[in-house]
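J.: The primary structure of each chain is shown beneath.
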Amino acid sequence: MSKGAKQDTTALRVWRGCPDQQERYDTFHVPFEEGMSVLDALCWVRSHVDPSLAVRYSCINANACKTCMALVDGEVEYTCTARLKRPMVTVEPLPKRPVIRDLVTDTAPEEEKLQGAVREAP
Amino acid sequence: MTHLSTDVLIVGAGGAGMYAAIVAARSGASVLLLDKSLVGRGGATIMAQMTVAAAIAQQEPDHWTLHLADTIEAGRGMCNEELSAILCEEGPARILEMDEWGARWAREEGHIKQVKAPGHSRCRCCYVDFLNTGPAVAATLRRQVSNMDAIKRLSNIAVTDIVVDGGRTVGAVGLELVSGDVITFEAGAVILAAGGLTKLFRRNSASTNMGGEAYALALRAGAELVDMEFVQFFPIAHLAPRLVGMDPIMWDPFRYKLGGKLLNGNFEEFIHSYGGSDAGKYTTVRDQASYAILKEVEAGRGSPHGGVYLDFRHVPELELRQAVGPVIDRLLTNGIDLTKMPVEVGPMAHYHMGGVRVNSRMATRVPGLYAAGEAVGGANGANRLSGNAITEAFVFGKRAGRFAAEEALRTKSAWNAKYAAEEVEQARTLRQGHEGSDVTPVELQGELKDLMWENVGPFRTGEGLAKALVRIREMKHRDFADLSISREKYFNLDIQDWFELRAMLTTAEAVVMAALARNESRGAHQRLDFSGSDASLLKNQVLELENGRLTASWAPVVCSSVKVEPV
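Protein chains in written order, with this note's numbering: chain A, 1376 to 1497; chain B, 397 to 963.
Derived by calculation from the structure, the hints in this document are not laboratory data.
Since we're looking at a predicted model, the values are computed, not measured.
Every residue, glycine too, gets a C-beta built ideally from N, C-alpha and C.
A couple of the hints might just be wrong.
Said to hold, decoys possible - Here are some, though not all, of the chain A residues that point toward chain B, as calculated from beta-carbon distances under 7 Å:
#1 Ala1429
#2 Ser1433
#3 Ala1437
#4 Ala1483
What the hints assert, rightly or not - Covered stretches of chain A (chain B as the covering partner; in silico rule of three or more C-beta atoms under 8 Å from a C-beta of chain B):
#5 1387–1401
#6 1405–1413
#7 1450–1459
#8 1463–1469
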């Protein structure tokens, strides 16, 4: 974030939960600067407020790895390219994928999962 | 506990790992290809928006020895010339092989189009339009890999340790990130293809998931590292306005297609004052450009975000569109209209010249342990030419795959679960959670990244490096032992971050130790307290772990008189 830029905040409402936990929404107040991505805000939460928030990304911000997909205000988006908005943005896991935890869903191809390898092992 | 067995185990499924997998499988080996992200999606390859250098001589007459001469010159005397020669000689065959596999290199008039990137004496850099080289080569390799029955792909697996017995590689320990389960692997050979260390630095351009794991794994297994002080900082990475959906190093192809002026905060050209010759063309090599930009910033002539301006306003819009096509629209959605405004650019950590010390077979000194791609040190010396990284992924990937398969097929694995017991126990302990200090692994990672950027970045001083070394050792021996770890069962990021941080601290210590001992400025290693190169330091630094202590020693530069075995 640039020095001297106007520091403002926005609310990030995030779905939390996993198969063995009650689901809920947590709201975080995060610094807002024009142009920030939703993933920027999620990473800020992990580093400054709640490191247990599960998010996944790899390429960060280049729209190359496709691992950060989630629902942003109800639309399927890459969180690395979806813009943060004011006064609030809601982020939820992908609807048609099994939830692993919080915003992390199971997007690995079936044949790349450990279970498959174990079944095939002699 | 899950235990899997294979001939060749590959850590990292980017360009080098996938190429190695294909070749090992073709050599008759069974292959397990692991990635902590998704196979073919994580790592650096997919981020490469630019070019791949190889003397295929389709654009103009060229020869691999000319490519070699350019590579060695850019490397400031530090290249392992044996590895550089392999890179340049075998590059053309790999580019053409990738073409057969459907990589769709950009073409004109029936031949593969090649452009001249900075530091190259010929037009030899191939690419896939528009800014799509990395995704295209990753997709091509992914298709090949998924068509081969002998390759088993596994995503979401972070390898945390290489298992060695009696000085021989026998397997690895990994963490399944979704369930948090520990997995052991027995293998006849292991290839480290987990890329570089850009995540160590606050400002970085590659994928954020490379924290130097390949180097730390190699050290812990007993292998050596070389040239760890030479981190390449990409000079004109994007700083502002905020840009999402694109790699920050995207401006390079703009520059060699269109020129583009570098201007300081007063809108004056400056490269010429530092011995560069830019003049609207893009000919200044990377270390020189980074140096010039940061000197301007230091002198108070930087842009508002601590860089300089890159200006295309003199280029007509039609020409911009012809050169970079739809990318113009992606920029407009980011609020960037190149016909009306300059952007701010500056150096970011981009690539690591140093790495695992290997011979021409990509073998480390630990039998059964190999490296490929950016994980390998030495081929690019003190400064890498644009376009050599993907070539190195293909070329070294192929060699590692071939020789690791050979080794695995003639060696009977001597696996015993007790060799992995300590690391398995470590992972299980972490799953119990730890209520230590208030500091979490991701927070300590943040401090390390700031420390590295401020003291071990493009400009270094003995004082800053010494300070960084003290703090890194303190983190390693004190803070790291008492981090707060949550007990979340699924996708526990604290545990993932903990293992990543352990590797980051080991690798960071290696970089800083090597940088502190090199009392000169050479290539990407710029010391403010030692201007210019010292001929007596024309030698490589080799690092190893001795009884848990990192030590550094000097070794003569490898010259290219050695006869290399073809693959």
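J.: Against each hint, give a clear statement of whether it holds in the structure.
T.: Okay, the hints, checked on the actual structure:
no. : hint      : in the structure
1   : Ala1429   : holds (5 Å)
2   : Ser1433   : holds (4 Å)
3   : Ala1437   : holds (4 Å)
4   : Ala1483   : holds (4 Å)
5   : 1387–1401 : holds (count 3)
6   : 1405–1413 : holds (count 5)
7   : 1450–1459 : holds (count 4)
8   : 1463–1469 : violated (count 0)
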